[in-house]
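Student: Listed in order, the protein sequences are those of chains D and W.
Using the working numbering, read the first sequence as starting at 23 and increasing by one per residue.
Using the working numbering, read the second sequence as starting at 279 and increasing by one per residue.
No lab work stands behind these hints: they were computed from the structure.
Please note: incorrect hints may appear among the correct ones.
Claimed, not checked - Subject to a maximum C-alpha distance of 27 Å in a straight line, what follows is the list of computed DSS-like cross-link-like pairs (lysine-lysine):
{"#": "1", "chain 1": "W", "residue 1": "LYS499", "chain 2": "W", "residue 2": "LYS363"}
{"#": "2", "chain 1": "D", "residue 1": "LYS116", "chain 2": "D", "residue 2": "LYS77"}
{"#": "3", "chain 1": "D", "residue 1": "LYS25", "chain 2": "W", "residue 2": "LYS629"}
{"#": "4", "chain 1": "W", "residue 1": "LYS610", "chain 2": "D", "residue 2": "LYS25"}
{"#": "5", "chain 1": "W", "residue 1": "LYS454", "chain 2": "W", "residue 2": "LYS363"}
{"#": "6", "chain 1": "D", "residue 1": "LYS71", "chain 2": "W", "residue 2": "LYS586"}
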Amino acid sequence: MSKYYLNYLDELESEAIYILREVWSQFENPVILFSGGKDSIIVTHLAKKAFYPAKIPFPLMHVDTGHNFPETIAFRDDLVDKLGVQLIVGSVQKSIDQGRVAEEKGKNATRNALQITTLLDAIADNNVDCAIGGGRRDEEKSRAKERFFSHRDDFGQWDPKNQRPELWNILNGKHFEGEHFRAFPISNWTEMDVWNYIQREQIEIPSLYFAHEREVVWRNNSWIPVSEFLKLEEGEEIVKKKIRFRTLGDITITGGIESEADNVAKIALEVSAMKQTERGNRTDDKRSETAMEDRKRQGYF
Amino acid sequence: MEITNNQLLRFSTAGSVDDGKSTLIGRLLYDSKAIFEDQLEAVSSTSQKKGHEGIDLALFTDGLRDEREQGITIDVAYRYFTTPKRKFIIADSPGHIQYTRNMVTGASTANAALILIDARHGVIEQTKRHSFIASLLQIPHIIVCINKMDLVDFSEEVYDKIVADFEEFSSKLYVKDIRFLPISALKGDNVVNRSENMDWYQGAPLLHTLENLHISSDINKIDARFPVQTVIRPQSEEHRDYRGYAGRVASGIFRKNDEIAVMPSGFTSTIESIDTASGELEEAYAPMSVTITLKDDLDVSRGDMLVKVNNRPKAEQEFSAMVCWLGNTAAKPRAKYTILHTSNEQQAMIKDVLYKIDINTYNRDEEDNSLNMNDIARITIRTTRRLMLDEYRDNRITGSFILIDPATHDTVAAGMVV
């Protein structure tokens, strides 16, 4: 009977599909938080599989910082088109224009923290009771404590010391009016698993993940792409490098690494030999030892 | 890297601040190269700030601000590492008395439990608690690591004595497979590499043991159970009449053309197809997520369970269970709770608390029938409708449930059908 077991990728896939179907069954208005990054692409792919042959029965929601890679937006629109699902966009620029938030000032100003308000507004405006995210527990130390179903109070806040225990495969998504949940179907995946899965399933991802020539500047130990939003600082110099991105976020803070990996197989090989975590190139996490936890408590992804 | 047929192994660890659990996990991650340079840098600088000599491996596992400040672990943390043989998920639970609920949580999905004993102190109350929970939750494999052997001069005598003590008290527990290992997490003896200080130990080091545990026979392959999560109805031209039942196989094997019964209604039909987005399958087994279509048009919805006609679970409205109380407030007598069992949701009431178990002495207390946080008790439950139940010892999915307090929505109890 030894053939009756799953390999780890099949088991992770099956677990994620199970969680997505629980979300659909336990919530009225779920959405997939779609950033255009590989993790949210994987979650979308898994949702497609979970409800096959039906369409994904809920919308994708994108929190748009206004500081995008143009490639990400093109990819997003194309995917939404192919899947035939609805897209909801929450705009940080709009939140700024409406005076809901103010731009950060100073040297390392980004719109990263501003996304929290826009996200929570979009969740409230659309009566979303569960926002499905691509967060993984291996990404960052406070994420290692996340649940599959993670409760947010009516201020959208996370209380890490008072989480509901999750036993066996039973998920408790009970909530009161105004509260919502975050669901993380790929909690148990590592960066390596994600790449192996992309390779196996031949999932399309934005070209930004592959090595390409780009104008960049060296800042905070990584190559930050040149864009209309980048303000050069003294001593910084624009150079052309062959780079790729390990994560995709706001264009002003997403650093690339030098790489020759121009297909998924080469990336998987490169990742397996990698010495830095993928968020090591994200300046938003470097602000303090608990930068991620602090943002998560307020309602961040 | 090639995508292989490697299995996934989930194991739980539990321990207090001082018995070296975090150090052991740090060691496994570090020696299996699952730790990245930037994590190492962050931990090295914190170690220096705190005045530790060398790298404090324990810092790899502390996630939350309060944990780092207080030097304790508050919540279950999940860690990952991969070797050429397997992918591992560690559910790391804090070992404090008040956190029994975390241990139960970590243990509920584990294939194996790691129990740590400080060689200087031997079997203590905490060891008994962890072992009891591992046995209660029916973790198939228990690995007892006798740690800090370097502090007892790698003495075989000390090790043998602890093994004998452990075997004596654990004879009262039901454990399928139990192994013992002398290790030093701090120095690395018998963790990834074989110890050069303990020639007298002939067994394999910990990592090798974890890589080679035989886990595929731990899943119940006899009793076919398929709790229906949701009904798939595409509403498109192409699949106009499609009606599929989506779920994850809890146990057993389902094949095309199998005769099945829908519980609790008892109506029977035949499996028309087993569908996935990657194509149709001839058979499905645990823990696969699939969609099953039937030859007949029956009324099937979430909460129902597909089973083989000749092998059905019990359908009961009143049953006996072991529970671990997780809620901050005590159970209220005659109060109504929401029970979640597989995909089924009902109202439930605790009829009786038959006895409580002292997890340090394993003694039964039949006098005290209150249920407070961290209590483990045998109770009887009554539900508004019948549930399709198997005994927990036969089936960890169809034999388990949780209770939710409808006033707060908190998960207040973890239950196992007996």
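Student: Does each hint hold? Answer for all of them.
Tutor: Tested hints:
1. W:LYS499 <-> W:LYS363: holds, 24 Å
2. D:LYS116 <-> D:LYS77: This hinted pair is violated, its Cα atoms lying about 31 Å apart.
3. D:LYS25 <-> W:LYS629: Cα-Cα ~44 Å, so violated.
4. W:LYS610 <-> D:LYS25: The hint is violated at about 47 Å.
5. W:LYS454 <-> W:LYS363: holds, 23 Å
6. D:LYS71 <-> W:LYS586: With a Cα-Cα distance of about 26 Å, the restraint between LYS71 of chain D and LYS586 of chain W holds, given a limit of 27 Å.
Comparing the model with each earlier hint shows violations of hints 2, 3, 4; every other hint is respected.
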